[in-house]
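A.B. asks: Taking the hints into account, I'd like the entire structure generated from these sequences.
Top to bottom, those sequences are chains X and E. Take 1 as the starting number for the first sequence in this note's numbering and just add one per residue. Take 1001 as the starting number for the second sequence in this note's numbering and just add one per residue.
There may be inaccurate statements among the hints.
Dumping the calculated DSSO-like pairs for lysine-lysine here, alpha-carbon to alpha-carbon at most 27 Å [what the hints assert, rightly or not]:
(1) E:K1122 <-> X:K67
(2) X:K83 <-> X:K45
(3) E:K1244 <-> X:K67
(4) E:K1497 <-> X:K67
(5) X:K67 <-> E:K1238
(6) X:K45 <-> E:K1412
Chain E regions said to be covered by chain X (calculated; three or more residues, Cβ under 8 Å) [to be verified]:
(7) 1111 to 1119
(8) 1469 to 1482
No wet-lab data here; the hints were simulated from the structure. No experiment lies behind these values; they were computed from the predicted model shown. Beta carbons: idealized from backbone N, C-alpha and C, even for Gly.
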Amino acid sequence: MKLNKPAKAGTYESNDIYIMIFPGYNSNIIELESVVYETFGEQIKSVINESLNLFQLTGVLVKAIDKGALDFTIRARMTTAIKRGMSNE
Amino acid sequence: MMKINGYKDNYEMFVKSSGNKSLPVIKPKEYNFNEKKLRKNLTQLLDELDLKDGMTLSFHHHLRNGDHVLNMVMEEIEKRKLKDLTLYASSIFPIHSPLVRMIENGTISQVYSAYVSGPVAKAISEGKMEKVLVMHTHGGRVRIIEMGEVTIDVAFIGAPTCDLFGNISGKIGKNACGAIGYAVTDAQYAKKSVAITDNIVEGLANYDIDGKYIDYILKVNSIGDAQGIVSGTTQITKNPIGLKIARLTTEVIKNSGYFVNGFSFQTGAGGISLAVAKYLKDLMKETNIKGSFASGGITSYLVEMLEEGYFEKLFDVQCFDLEAVRSIRDNGNHIPISASKYANINDDCVVNDLDFVILGATEIDLHFNVNVTTSSTGEIMGGSGGHSDTSYGSKVTIVVSQLFNARIPVIKDQVICKTTPGETVDVLVTERGIAINPLRLDLIERLKKTNLPLKTIRELKAISDELVGIPQEIPFTDQVIAVVEYRDGSVIDFIYKKAL
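C.D. replies: Below is the structure:
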């Protein structure tokens, strides 16, 4: 599948994550800032990758600013951002 | 040898006094009870004090993040190129950031404190201090001085009001901070004690520290900013999860078997702890049960409970807000106490008479050991204060915390730093259940009869792990940056420098 345009989802609130995605890169790149980077950085990146793979996306830059979101929140924000980015409106 | 009939067999002739006030020397000294104590210039005073490398200087923290005394004195001392000083400061706040430079340039080589936050904590966490940080408790601080483990060369005491004899009151003056319980022992035991004040009055009738312990009085323009004594955490939480925890905690109190007429209570100034005070008041109203005393750092919520007759007395070692300052000045049942009377194991301390204490936690492990000294990633950001003192003394010690917040879980297999031993912690209340220390069979027995959501601490951890995941290990080096001392002086843990 393909991303048509940049898109975003989420907020900067505590326990949430703010996701921005941009098409047009050679491979998938994740730029993550997180309040729990030391303890959950790898886990958050792997959840973001899972979401990208679920939609079979390649060449996407993901910028994520995490305020301590749990995995299901990260998945929900990723799904919303991806669906927004795939729409043609 | 001359023999004297009727006198002890071995006697020592008086040679000289060391000048250390912990020893039984003759009083009053040269400068007591006259106006010669007054100094108007810090530089001149420091000349007279004859400061030397390696000395120990003490400060107290009642002006909290509004304190100007510590920085004012230390910056002047730094200019004199003194080195290797030990700072014996009861707590260190973000306002004390100039100390970072003094730690880096060797003016200060060691710090003793019960609580260290802000830039100083960060610098020490990074391993910048030459010697180790010693983290004691509020009660332990007094014991260390009394037992002579540390001798204070000069105590600098921020004094909201002072008379010319050196009598100090914390209750009045433009920077009134109420109780000054942490400074009392310093005044009594330091070789020299300096009262630093911005308000000199004539003949204080009611004072907190007796002028006979004060050697010099320094008049300055301002000792601080009284607004800064209101610490950032003294507001009731609005978070519904926090309120739920507070309600559950109040139910635990109600059904614990210790909630009877004359019970005693202490709570910290954290948002959830304050909410417990609010719900407890409703419960006391409903059941018509009255308490004997509340203690600790005192907030407006406890003042209100005193004034409305829910408690007979407040024992106050430190005022957390300006309402408490007003009350301690005006209300005879709001009683200032020294840190010794509060929590020193060698004193008849108030914590031993506590029925309930409500405490916070950064981390708690499966054996109920609590960390309030470091963050969950290992940086120093607090300390015991009275945490382990009250936890030891109180009949029911309740730790309140969200099970996790912003993906930071409270329950760990092992805490990074053991501040308070699990043997002294009885109950953990979270929004998803209540865990009782298996050692407290009586509490388990009574609370089982209620419909409260009791779980083992392992069950709570499983819920947390399921939602949050297992955190990556934080790597540490083997360099010890802080020693954590329990209230009796035994070493309870070390804090290590983090690996990069």
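A.B. asks: With reference to the structure, classify each hint as holding or not holding.
C.D. replies: Okay, the hints, checked on the actual structure:
1. Our distance criterion of 27 Å between C-alpha atoms is met by K1122 (chain E) and K67 (chain X), whose separation comes to about 22 Å.
2. At roughly 19 Å between alpha-carbon atoms, K83 (chain X) and K45 (chain X) fall within 27 Å of each other, so this suggested pair holds.
3. The suggested pairing of K1244 (chain E) with K67 (chain X) holds, with an alpha-carbon distance near 23 Å, which does not exceed 27 Å.
4. Between K1497 (chain E) and K67 (chain X), the direct Cα distance comes to roughly 26 Å. Compliance with the 27 Å bound is thereby established for this hinted pair.
5. For the given pair, K67 (chain X) sits about 19 Å from K1238 (chain E) by alpha-carbon distance, which is consistent with the 27 Å threshold.
6. Restraint check for K45 (chain X) and K1412 (chain E): the C-alpha separation of about 23 Å stays at or below 27 Å, so the hint holds.
7. Under a criterion of three residues with beta carbons nearer than 8 Å to beta carbons of chain X, the stated coverage of the segment 1111 to 1119 of chain E fails, only 0 such residues being counted.
8. A count of 4 residues in the segment 1469 to 1482 of chain E with a Cβ less than 8 Å from any Cβ of chain X is obtained; the coverage claim is therefore met, three being the minimum.
The earlier numbered hint that this structure contradicts is number 7, and it is the only one.
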